[in-house]
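Asker: What follows is each chain in one-letter form.
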Amino acid sequence: MRLILHCIKQHISTFLAGLLFLSVEAMADLLQPTFMSYIVDEGVKNADVRTVLYYGAIMLGIAALGALGAVMRNMFASRTSQAIGKELRGEMYHKVQTLSLENIDRLKPASIITRITNDVTQIQDFINGCMRIMIKAPITCIGAIALIVIETPRQIPMMAAVLIISAVFIFANMKCGYPRFERLQKRLDQLNNVSREFLNSVRVVKAFHAEEKEKEKFRIASEGLADAGVSAMRVMAVFAPLINFTVNFGIVVMLWISQNDSSTEIGKLMAAVNYMTQILFAIGMVSNILNTAARAMASSRRVNEILQETPAQLPPKEPLFPSIQGGVSFENVSFAYAGAGRASLEGITICINPGETIGIIGPTGSGKTTLVNLVPRFYDATEGTVRVDGYDVTQIDEKTLRRAVAVVPQKALLFSGTILENLRWGKADATVEEVRRAAKIACADSFVQETEKGYETHLSQGGVNLSGGQKQRLALARALVGNPRILILDDCTSALDADTEATVLNGLRRLSGQMTILLISQRISTVMKTDRILCMENGRIQGIGTHSELMHSCPSYQAIYDSQIGGMQNA
Amino acid sequence: MRNASNVASIQGMGGRGPMRGRPVVKPKDLKGTLSRLWILTSGNRKGLGWILLLSACSSASAILSPLVIGDAVNAVDKRLPAVSLLLLLLSLYLCDWIVRFLQQFFMASIGQKMIHHIRVALFEAMKTLPLAFFDRKQHGELMSRLTNDVDNISNTISNSLTQLLTYGFTIIGIFIIMLFLSPLLTAVSLIGVGFIFLLTRIVTKHTRKLFTQQQKILGELDGQLEESISGLTVVKAFCQEEQMNRQFDQNNNDFQKVATRALIWSGYLMPLTNVINNLSYVAISVVSGILALNGLISIGMISSFLLYTRQFSRPFVDIANIYNNFQTAVAGAERIFEILDEQPEPKDKQDALPLESPKGDIEFRHVTFGYTPHSPILKDLSLRVPSGTKTAIVGPTGAGKTTIINLLTRFYDVDKGSILLDGHDLRDYHMQDLRRCFGVVLQDTALFVESVEDNIKYGRRDASRKEVEQAAQIAGADSFICRLPKGYQTVLAQGGAELSQGERQLLTIARAVLANAPILILDEATSSVDTVTEQKIRRAMLAITEGRTSFIIAHRLSTIRDSDLIVLIEDGKIAEQGTHEELMKLGGRYASMYLTQTDS
Chain U
1 MRLILHCIKQ
11 HISTFLAGLL
21 FLSVEAMADL
31 LQPTFMSYIV
41 DEGVKNADVR
51 TVLYYGAIML
61 GIAALGALGA
71 VMRNMFASRT
81 SQAIGKELRG
91 EMYHKVQTLS
101 LENIDRLKPA
111 SIITRITNDV
121 TQIQDFINGC
131 MRIMIKAPIT
141 CIGAIALIVI
151 ETPRQIPMMA
161 AVLIISAVFI
171 FANMKCGYPR
181 FERLQKRLDQ
191 LNNVSREFLN
201 SVRVVKAFHA
211 EEKEKEKFRI
221 ASEGLADAGV
231 SAMRVMAVFA
241 PLINFTVNFG
251 IVVMLWISQN
261 DSSTEIGKLM
271 AAVNYMTQIL
281 FAIGMVSNIL
291 NTAARAMASS
301 RRVNEILQET
311 PAQLPPKEPL
321 FPSIQGGVSF
331 ENVSFAYAGA
341 GRASLEGITI
351 CINPGETIGI
361 IGPTGSGKTT
371 LVNLVPRFYD
381 ATEGTVRVDG
391 YDVTQIDEKT
401 LRRAVAVVPQ
411 KALLFSGTIL
421 ENLRWGKADA
431 TVEEVRRAAK
441 IACADSFVQE
451 TEKGYETHLS
461 QGGVNLSGGQ
471 KQRLALARAL
481 VGNPRILILD
491 DCTSALDADT
501 EATVLNGLRR
511 LSGQMTILLI
521 SQRISTVMKT
531 DRILCMENGR
541 IQGIGTHSEL
551 MHSCPSYQAI
561 YDSQIGGMQN
571 A
Chain G
1001 MRNASNVASI
1011 QGMGGRGPMR
1021 GRPVVKPKDL
1031 KGTLSRLWIL
1041 TSGNRKGLGW
1051 ILLLSACSSA
1061 SAILSPLVIG
1071 DAVNAVDKRL
1081 PAVSLLLLLL
1091 SLYLCDWIVR
1101 FLQQFFMASI
1111 GQKMIHHIRV
1121 ALFEAMKTLP
1131 LAFFDRKQHG
1141 ELMSRLTNDV
1151 DNISNTISNS
1161 LTQLLTYGFT
1171 IIGIFIIMLF
1181 LSPLLTAVSL
1191 IGVGFIFLLT
1201 RIVTKHTRKL
1211 FTQQQKILGE
1221 LDGQLEESIS
1231 GLTVVKAFCQ
1241 EEQMNRQFDQ
1251 NNNDFQKVAT
1261 RALIWSGYLM
1271 PLTNVINNLS
1281 YVAISVVSGI
1291 LALNGLISIG
1301 MISSFLLYTR
1311 QFSRPFVDIA
1321 NIYNNFQTAV
1331 AGAERIFEIL
1341 DEQPEPKDKQ
1351 DALPLESPKG
1361 DIEFRHVTFG
1371 YTPHSPILKD
1381 LSLRVPSGTK
1391 TAIVGPTGAG
1401 KTTIINLLTR
1411 FYDVDKGSIL
1421 LDGHDLRDYH
1431 MQDLRRCFGV
1441 VLQDTALFVE
1451 SVEDNIKYGR
1461 RDASRKEVEQ
1471 AAQIAGADSF
1481 ICRLPKGYQT
1491 VLAQGGAELS
1501 QGERQLLTIA
1511 RAVLANAPIL
1521 ILDEATSSVD
1531 TVTEQKIRRA
1541 MLAITEGRTS
1551 FIIAHRLSTI
1561 RDSDLIVLIE
1571 DGKIAEQGTH
1581 EELMKLGGRY
1591 ASMYLTQTDS
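In the order they appear, the protein sequences are chains U and G.
Under my numbering, the first residue of the first sequence carries the number 1, and numbering increases by one thereafter.
Under my numbering, the first residue of the second sequence carries the number 1001, and numbering increases by one thereafter.
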C-alpha cells in the first residue's frame, strides 16, 4: 500500500486535479434529486409552472458542469495511472538489471516477468479505478447522507445502522479476499512457468511425443489457477448481495418511518429514496474497488519484493579504477551456490600472468565454469579472494572489471537486433572495420558476408535462425570486438566442426600475449597448445603445468589423454 | 539448434522480427470472433441456463420494487397505511438478495471453468503446431497470449456476463412497465437512451483498434522482457544494462502512449453516459412536474418514474462499460484464434500405416529441402542406410547435418523427393508411431522441472525405477545423480540450470536410452561431455546401437571411427561416403579433417 501511495505522490498534482474534477462530477450527480424535490414540493404542490421550469434550468446547468468534470477527470485519471504503470515497469526493469545472478536464480525469471507485466497492471488498474470511481463513491455517499440528514433528520439512526452494517461487510470482504487474490497471482506464476518450459523445450517434447504429458501438466496448472479464481470470486459473491440487501432494507425502514410521521414533505421523501439508491450504487462501487484493492495490494507486495531486493553483490564503497593488464590470481578460493549442499570449488589457489593462455580441462561438473565465473564477478567467492592485477575483484569498479574481461559462454545467447548491434555489445562505438576484424578471427565474417544484408541481418529471438555453430562464432566475435585484457572461453567451440575450430584457435593463438586467455575445453587437443593447463576434478585443482609436465605428474590428466589421444593411437 | 545456416534463411526469418514502432492493425472481424468464442465455450452452456434463470428472477425484483415504492409514496402522501406495501417490498428485496448470491456464486465457477477450457484448447492447438512456428515466434509473446489475452476474456466472461443478462431482462421489463405507466415520459427517457447508443458506437469504434494495438505492443514488451531477463548473464558480462534499459524504456513508452489513448477513449463512455442520464433525469423531472400540475399523473408515479429512469439507463451505462471491456476481450480472443488458426503439423493420412516394430531400413531419395522456399539446404540428396547399421554424419557447420535429423523425425517435411522407412514414405505412417521409433538426443539439453527420475522417464512413463537406474548407468549419469541431495528424487527446480551442461547432456542420453527406440539419433550428443565420460558413453552406445539403425552427428571424428558408414555432407550434398578406412585411403576432405583434429 505504501508503494501505491508513493506512486501517487509522484503525480500528486495530476492526481489531485483528477480528484477535483471527480468531485465536481459527483456534486452534480448529488444535487439533482434535491432540485427535483423542489420541483415537487414548490412547483407541483403550488401548481407553479415557472418554478418547475426554473429549477429544471438549474438542473440542466448542473448536468453540464458534471459533464465537464467527467471529461476532465477521465483524462487526468488515464494519464496518471498509465504514467505510474510505466514508471513502475521501468523502475522494476532497471532494478532487475542491477541485481546479481544469485538474486535472479532465486527470484526466477518467469516470476520476474509476471511481476513486471501482470502485477504492475493490477496496480495501474487500481489507481485508475481510484481516480474514476473510488473517490466518487465516498463523495456521493457522504453527500447523500448529509442531504438526507439535513432534509429529513429523523432518518439519522436508520442511516447510521445501514452504514455500520455495510462497513462491516466490506471489511469482511477485504479480509477474506486478500489471501485469495494473493494465491491467484501465485498460481498465475505457476502457469507461466509451465508454458515457458514447454516453449523452451518444444523440440524435446515433440521428439519424445510427450505432447499429451505436457498438456496434462498445463491442464493441472490451469485448473489450479481456475480454482483459485473461483474461490476469490466466491468471496465477492457472498458479500456483494449482502451489502445490497442492507441498503434496500434501509429504504423499507425509511418509508416505514415516514408513513408514521404526519409532517413528511413528499418531495423530500422522494429525494431521500433517490439518495438511498445512489448510496447503494456507491457502496456497491466501494466494495468492488476494495476487491481490486485487495488484488492491487497483493500485487504491490510482489512488485515491492523486487524493488526492495538488495543485490547479493554490493558495489565497492571506494571502487578502484585500475587499468587492467590481465593478471588473475585465486587465493584459497572456495565457492558454493546459494542453497546447494556441496561446495563447487574448494581451496583453489593459482596465479596467472598477464598474456598467458591457460587451458582448463576436467570432467563434467568439476567446477570449470564456476571457476571462471568468479573472475568477472558473476558470483562472489564464498571464501578466499579472487584478484585481477593484484586487486581484489570485489573492490574494482564493476564496469571497469567487466569491460576488461570478456566471456564467451557455453550457450551462445544472442539478442533480437541486427548482427552488427549484437557484436557491438563488446564495444559500443566499434567501427564496422573493428567488428569485421573480430568476426574474421572468430570465422564469422565469411558466413555473415554471404547473407544478403550482411551485418545488418536481423536476428529474431536470439538467433533461432542461426545454427549452433554460427551462434557460437558470433558470440566469440562479440567478445573479441571489445579487445579485452582477459578473455574467457567456456567450451564455446563445441558446436564447431574440427576445421573451423582449428582456424578459430589458430586466430586466437595469434592474440596470445596481448590478452590473458582462459580456455575451457573438453578436448585435450584444444588445450594442449596452451601455455599452462589446469586440470580440475570435483572442484579441486588436480594439476597445473604444461602438457608434458601433467603427463608425468597428474593421473587425472593422463586418464583424459588416454581416453582421447591414446585411444586413437591404439586404433 | 535448427541448422539453417543458409544465407537466405537468415533473411527470411529476420524479416519477421518484432516491428518496433510501427504496429499494423488489421481490420478484425467482431462477429466472427464472437461466434467462434461461442463455439469454443460450448461445453459450459448447461450452467449458463441456470444463470439465465437466476438473472430473470433478479431482474424481476429490480423491476417491481420501484412500482411498490411509488405506491408507498402515494400512500404516505395521502396519509394511508402502507404496511402491506412495505412488507411486499421487503420480501422483494429478500428474494433479490438470495438470487443475486446464487447467481454470482455459480457464475464464479462457470466463468473460470470456461476460461480454463479456452486455455487448455489454446495449449492443445499449440502443441500440435510444427516446429517452424515456434522457431518463428517470440516465446514471450506466445506466453502473453496464454495469460494476458486469456485473462482478458476471463474477466469479461466472469464479471460481465451475469450483469449483461440481468440488465437485458431489466431493460425489457422496465420498458414495458414504463410504457404502461406513461408513454410520454417513456419517450422522454428513450431519447436519452438513443444518445447513449450513439456515443457507445463512436467510442467503441476507436477503442477496439486501440486495444488490439495495445495488446500487440504488450506482446513485444513481453518478448523483450523474456529475452533480456533470461539472458541476463550475457547482458551483465557485456555491461549492456543501460542499453537494455533504454530499449525497454522505449517499448515501455510506446506501450504507455497507446494504452493511455485506449484508456482515455474507453473512459469517456461511463461519465458521458452518466451525464446523458442526468439530462434525462432533468427532462423527466420537468415534464412529469408539468404533467402532475395538470393532474395527469400522481406524485407516486413521478417517484416510480424517476427511479425507473435511473434503473433504466444505469444498465445502459454499465452495458456501455461492459461493451468496452468486451473490446479488450475480443481483441484478446482474436489473438488466441490466430494461434488456433495456425496450420498444425500435417495430419496423418486416412490410410496411414501403423508402425510397430520397424526394421529400420532408411532411404533418402533425391531429397531437397530448405527452411525458406528458394534456398535449399539439402540438394537432391540420396542415401541408403540398411537396417541395424551405424551411420555417422559429418561435415562443416551449416552443411545440413541437423537438417537431416529434422527431416527424419518429421519436424519438417521434405520439399522434393522422399524419405522411406522400411520401404514406405515417412508421411504414410502415423506421426505418433513414427516419432516413437526414434530415440533422440538433441543438441539442446532441455530438461523439465521434475525429479531426475521423471526426467529420464520422459519418453517412457511406465518404466520401473530399476530400468531408470539401468539407463542412467548405461549413460554414465548414475554416479553424479547419486551425489545429488535426493538422488533420483531430486527435483530439478530450475529445469536443469543447477546442473552443468555435461550433466544435463548425460541425463538426456539416459532419457534416450530408456526410451528404447529402434532407431537412435545422437545429434552431437557428446559435445559437452568430458572425454573420460564420453568413453563410457561410447561403450554404452556401442552396446545399445547393436542391431539398431543409428545416426550420429559428431564433430569429434574420433568418436565415429567404428561406424559402418561415414557420410560427409558438404553444401547440401554428399561429398564422400564409406568406412573410416576407406575414406582415409581416399585421402580427401575427411582424411584431412581427421588429421587436423588429431594433429597434436
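No lab work stands behind these hints, which were simulated from the structure alone.
Hints may be right or wrong, so weigh each one.
[Said to hold, decoys possible] Partner residues are not named here, just some residues of chain U that face chain G (Cβ under 10 Å, in silico):
hint, residue
1, 194
2, 281
3, 430
4, 432
Positions of the beta carbon are idealized from the N, C-alpha and C atoms, including for glycine.
Asker: Hint compliance check: list the failing hint numbers for this structure, sorted ascending.
Answerer: 3, 4
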